[in-house]
Amino acid sequence: MTQRGIDPPTTASPQPRLLRALTLLTALGFAGTLVLGLFVAGTDIQQGQVQRIFYIHMPSFFGAFTAFGATVLGGLLYLWRGNADWDRIAQAGVEVGLAFALINLLTGAIWARPIWNTWWTWDPRLTSAAVMCLTYAAYLMLRAGIENRQRRRSLMSVYGIFAFVSVLLTLFIIRIVPDTIHPVIIGASPQNAQGTFEATSGVVLALLPSLILWLTLMPITLMWHRYRLALRQEAVDALKLELLGG
Amino acid sequence: MNRRGLIEVQGLSKHFGWRPVLRGLDFLVQRGEFVLLLGANGSGKSTLLRLLCGLSRASSGVIRIGGWSLPEEAQAVRAQIGLLAHRPLLYENLTARENLDFFAALYNMPPAERMRRRDDLLGQVGLAGRADGLVRGFSRGMQQRLSLARALLHRPDLLLLDEPYTGLDSAGCALLDELLAAASKSGCTIIMSTHQLERKPAHANRALILGGGALVYAGQVTGDLADRYRQATASA
Amino acid sequence: MKTPFISAVRAIVSKDLRAEWRSRELVSAMSLFALLSVLVFSFALELDKSAREEAISGVLWVSLIFASLLGFNRSLSLEHDQGSLDALLLAPVSRAAIFVGKLLGNCLFTLLVALVLLPLMTALYGVYLLDSWALLTTVVGIFGFSAIGTLLATLVVQTRSREALLPIALLPVCLPFLLTAVRATKGIIGGAPQSEWQVWLQLLAAITVIYLVLCLLLYRFVLEE
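Residue numbers (my numbering), protein chains in the order written: chain A, 1 to 246; chain B, 1001 to 1236; chain C, 2001 to 2225.
It should be emphasised that the hints constitute simulated quantities derived from the structure, not laboratory data. Here the structure is a predicted model, which means the values were calculated and not measured. Ideal placement from N, C-alpha and C gives every residue a C-beta, glycine not left out. A hint or two may mislead.
Just some of the chain B residues that point at chain A, by a computed CB distance under 8 Å [claimed, not checked]:
{"no.": "1", "residue": "G1017"}
{"no.": "2", "residue": "W1018"}
{"no.": "3", "residue": "R1019"}
{"no.": "4", "residue": "Y1165"}
Isolated chain A, as found in the complex (with noise of 0.2 Å):
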């Protein structure tokens, strides 16, 4: 007996309370995390008040990390399982990864403008930060083009697992192609990188609170709840579907 490709319309059932849990955590911890890069850790000497941007900048990045990372693990389940609630998932992380992305850049670009005199610079990290967003808008564009419910699943789920070569791509090019003038808080920077500052214990204190809670909490709550809208646009479409005696 094979489950694969049975689509149970599901009605809306009412907000699971962990869900509701997690949604004010996060909410808490995003006000949280914001007092504490824009108000208690200090001004960086060099920079001036636009270095509390990193705050967000970064972090961003890594919620997107885990977003694109969902994907590929709800694509390979959902090959290897063939429960189309993996693939929900997998779509979830796409739209939320994407969003995060799109932060990331526009808060860099934004730090750009004092720091490098520029909004943008065809940097090799800006450039693979870019194509990484182009690729899920991609998944985004073929995924709408292809009908069959079931090929879209398993058709997705390969391309989700090869996109995410774009996010390894963003992360290791600085260390590939050290021509980056894009600075490296964690470890050395680049000679030539322009912009670095000091981790001291203050950027600590702001950072470490703000990256777990984007890579953990942001993702989870909005794929969360990204999942449960996939779920009730598919019971709308199987209603049309009954109403319009398909």
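For this one, chain A is given, so just place chains B and C on it according to the hints.
Frame of chain A; chains B and C shown alone:
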């Protein structure tokens, strides 16, 4: 192969999205039977045939061929199945002969037999004179004849035909009936879908009628088959 | 009752080569496109002598990848439209053999394009591209992105508006090939010491192996329902 029949289908359902195309089919086909699969357009005939040759995956239910469950264990029975599908499944830029040679190689036929079998079949389907013509220059009917040769090439034990009369002229139809009769006589199990009751091969001995994705009749080919079919398609 | 892997691959490759020999539609369109793209680049980038050294390997690889996009799309569309992909799936051959067969065909077609492009660019720009290391880089790079290209083309032919989608799907994913192959070729034709560009060639080979393994593992899901 066993007492339970060559093809066993239990609780077979197939959905496209949530649209059910096949709903809970149960039937058996014995070795050597010639089964007519009847139904109106969109009743699920092609979907059922694709499931039976392992090209498609059921939403739920079991398909067994010779005891092997599909599509997971399809590898074990692929060599014994021949399919004449809706589309010709041929290569336009190859000649008729090259097409058959390619499929003979894919089915790992012994080289000596390959050529004899290919030439025999080209003669039987009336394409001996056009063996070196490119398929892209063939008419629909000639492509259908070549497809038939391709489906029969590896001497399948189970032959699945989806609306085989499509595109054939009256000589072609007679030829098809003749080839199917010969295949049936040599022990080949045949399942053939059609929506035209007027054109049914004399050798067919069982009928399955699909209506709205469900099996509405399974039994002998009898005189009142036409009435049953009309009822089934009217109510669906 | 399974056709041996090698004979299945051989049958598929020779079928593709024979059909291509008949129609010549793939390689001729790909080569023409690659040549045009090289010319367009030299106009757009105003490739003078000094700019050439820097840019030529980028132009070469981007042209090759663009041309291969054209070819892969067509090669898999042909299988899909005639339903012959179903015929391949029906045959008692392993799914990996189908992938490897299509991959080798696509790879050979792209290599033919490179065979046209390399001597021509050598003559046109006065840069020696026929060095044995440069050729090795070309072969490895083409094999690598043919693997992922074949997989994604098989995926994309099953979507609506597929011609538009293959570049979108493939270009970001084959960026690692572009990055490493361009740097290796640049080092080789620029006459840099081997120690400088060797690492790029090694990286290219490593990425090719990783992609090939992934493709072999995942192809089944792209092909079968």
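Hints, verified against the model:
1. Of the supplied interface hints, the one on G1017 (chain B) holds, with its beta-carbon coming within about 5 Å of a beta-carbon of chain A, less than 8 Å.
2. Restraint check, W1018 (chain B) versus chain A: the minimum CB separation of about 5 Å is within 8 Å; hint holds.
3. Among the interface hints, the one on R1019 (chain B) holds; its C-beta lies about 5 Å from the nearest C-beta in chain A, closer than the 8 Å criterion.
4. Annotation: interface hint on Y1165 (chain B) violated; nearest CB of chain A at approximately 28 Å, more than 8 Å.
Comparing the model with each numbered hint stated earlier shows that hint 4 is the single one that does not hold.
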